[in-house]
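Since each chain comes alone in its own frame, lean on the hints to assemble the complex.
First to last, the protein sequences are chains A and B. Residue 77 in the working numbering sits at position 77 of the first sequence; the count goes up by one each step and never skips. Residue 4 in the working numbering sits at position 4 of the second sequence; the count goes up by one each step and never skips.
It should be emphasised that the hints constitute simulated quantities derived from the structure, not laboratory data. Owing to the predicted nature of the structure, the values given are computational and were not obtained by experimental measurement. The beta carbon of each residue, even a glycine, is placed where N, CA and C say it ideally should be. One or more of the hints may lead you astray.
For the chain A half of the interface with chain B, some residues (derived, Cβ under 7 Å), not all of them [to be verified]:
(1) 31
(2) 42
(3) 43
(4) 90
(5) 97
(6) 99
(7) 104
(8) 105
In silico DSSO-like cross-links for lysine-lysine, where the CA-CA straight-line distance does not exceed 27 Å [to be verified]:
(9) B:42 / B:63
(10) B:42 / A:11
(11) B:68 / B:42
(12) A:70 / B:63
(13) B:79 / B:57
(14) B:42 / B:79
(15) B:97 / B:59
(16) A:57 / B:42
(17) B:57 / B:105
(18) A:11 / A:57
(19) B:59 / B:105
(20) A:53 / B:97
(21) B:105 / B:68
(22) B:42 / B:57
(23) A:57 / B:97
Listed next, the stretches of chain B that the computed footprint assigns to chain A, with coverage defined by at least 3 CB atoms under 8 Å from CB atoms of chain A [stated by the list, open to error]:
(24) 42-55
(25) 96-108
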Amino acid sequence: DAGITQSPRHKVTETGTPVTLRCHQTENHRYMYWYRQDPGHGLRLIHYSYGVKDTDKGEVSDGYSVSRSKTEDFLLTLESATSSQTSVYFCAISDLLAEAFFGQGTRLTVV
Amino acid sequence: EDQVTQSPEALRLQEGESSSLNCSYTVSGLRGLFWYRQDPGKGPEFLFTLYSAGEEKEKERLKATLTKKESFLHITAPKPEDSATYLCAVVAGGYQKVTFGTGTKLQVIP
Chain A
1 DAGITQSPRH KVTETGTPVT LRCHQTENHR YMYWYRQDPG HGLRLIHYSY
51 GVKDTDKGEV SDGYSVSRSK TEDFLLTLES ATSSQTSVYF CAISDLLAEA
101 FFGQGTRLTV V
Chain B
1 EDQVTQSPEA LRLQEGESSS LNCSYTVSGL RGLFWYRQDP GKGPEFLFTL
51 YSAGEEKEKE RLKATLTKKE SFLHITAPKP EDSATYLCAV VAGGYQKVTF
101 GTGTKLQVIP
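Bound-form chain B, shown alone (with noise of 0.2 Å):
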């Protein structure tokens, strides 16, 4: 079965303090990894595909990486406005079938 696991579940930054968030994965045959942002009362929203290990995308102050094993969200300088759930999801095997980590909080205070 697979799986994905984010940590820290909260984390709590000073606006300008940098910080990486995690997202490892078991999977048979990863075919691709996602980012989504997630605020209070909304869907997730996309940021991020990574597809192989090595590749790396850039947001504005949002960087995501990617390892044979686990996905890092790096975010340089952070804002209050940065505040909210990311979440990690694989898609693997033969099926397009999305799997979802539980997400991490971040608070980015002033």
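Isolated chain A (complex conformation) (with noise of 0.2 Å):
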């Protein structure tokens, strides 16, 4: 299996706190991603991030920031959870034009 850690695993959080998730990689791999996986609407991408410091949105960005200060770590920070948030987040790497890795997966409850 590809190097890759999210943490935590599971989490339950009430409305308006803010949550951070975290993604480790030990592959050196540039590209970092974060899904948000829901029924019905498969993988929508959030954020993701082509280097140290270069990060662009993807289609669900609102309510959601990240940051990248060193290669092998990528945070997903919702600064003030909702109940639309709850979800499962999936973080994935990749090189360019290569398959992604996915991790296991961060199952966020907002209540």
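What follows is the structure, encoded as structure tokens:
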């Protein structure tokens, strides 16, 4: 398995609280991604990174921010969690035009 | 905006009954098309990459093909362990932004 770890794996939080999800890789891949997966919507891209401190928005970026201060770490922050952000979040890594390797996912519940 | 559409949404097959899954795409400048398999509660697992029309890839009972508008994942004589959701994704344009389809949920019945 590719060296990619997400933490935490499960989290329950209250509406309005900040939440940070972490993605850590040991593969030195350039590109890192955050997706959310919801029934009927498939995997939707939130943000991605193409290098340290280089990030861009995906199709569902509202309410989310990211940071990448080191090659191996990509953080996803929900500044003020809402119930609509209850989802399963996946981190992925890849090289240019190569397949992506996915983490195990984080199940986030906002109550 | 890049669009990826997969059909059917769900497919139920008897063991040994061959079929195909479809992935149609509308993108500017396709650079690569990927197929993944996802089991419940897990992240997607890579199957194939196709880069140009006419290209084909095979792995065990699976074969992926690519045209200028769509890709097919052919499943020959499937077994129950092939049951999963199959996802298609594209990379297009000048960026490494990956867009996924919503997937086809395959169930193979013994």
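Can residue 90 of chain A be said to touch chain B, with a Cβ gap under 7 Å? holds, 5 Å
Hey, does the residue 105 of chain A contact hint survive, CB to chain B under 7 Å? At about 6 Å, which falls below the 7 Å cut-off, the nearest Cβ of chain B leaves the hint on residue 105 of chain A intact, so it holds.
Decide if the proposed pair is consistent with the structure: residue 79 of chain B and residue 57 of chain B, CA atoms, cutoff 27 Å inclusive. holds, 19 Å
Holds or violated: residue 97 of chain B with residue 59 of chain B, Cα cutoff 27 Å? holds, 26 Å
Given the proposed pairing of residue 57 of chain A with residue 97 of chain B, does the C-alpha separation stay at or below 27 Å? Holds, at about 10 Å.
Count the residues of the region 42-55 of chain B whose CB lies closer than 8 Å to any CB of chain A, then report whether that count reaches three. Result for this restraint: holds, n = 7.
Is it true that the CA of residue 68 of chain B sits at most 27 Å from the CA of residue 42 of chain B? violated, 31 Å
Residue hint residue 42 of chain A, partner chain B, criterion CB-CB below 7 Å: Interface hint status for residue 42 of chain A: holds (4 Å vs cutoff 7 Å).
Between residue 42 of chain B and residue 63 of chain B, is the straight-line Cα distance small enough, at 27 Å or below? holds, 23 Å
Tell me if the straight-line CA distance from residue 11 of chain A to residue 57 of chain A falls inside 27 Å. Distance of about 24 Å is within 27 Å: holds.
Restraint satisfaction for residue 31 of chain A [CB to CB of chain B, less than 7 Å]: holds, 5 Å
Are residue 42 of chain B and residue 57 of chain B close enough, with their CA atoms no more than 27 Å apart? Holds: residue 42 of chain B and residue 57 of chain B sit about 24 Å apart, inside 27 Å.
Of the hints listed earlier, those the structure fails to meet are numbers 11, 12, in rising order.
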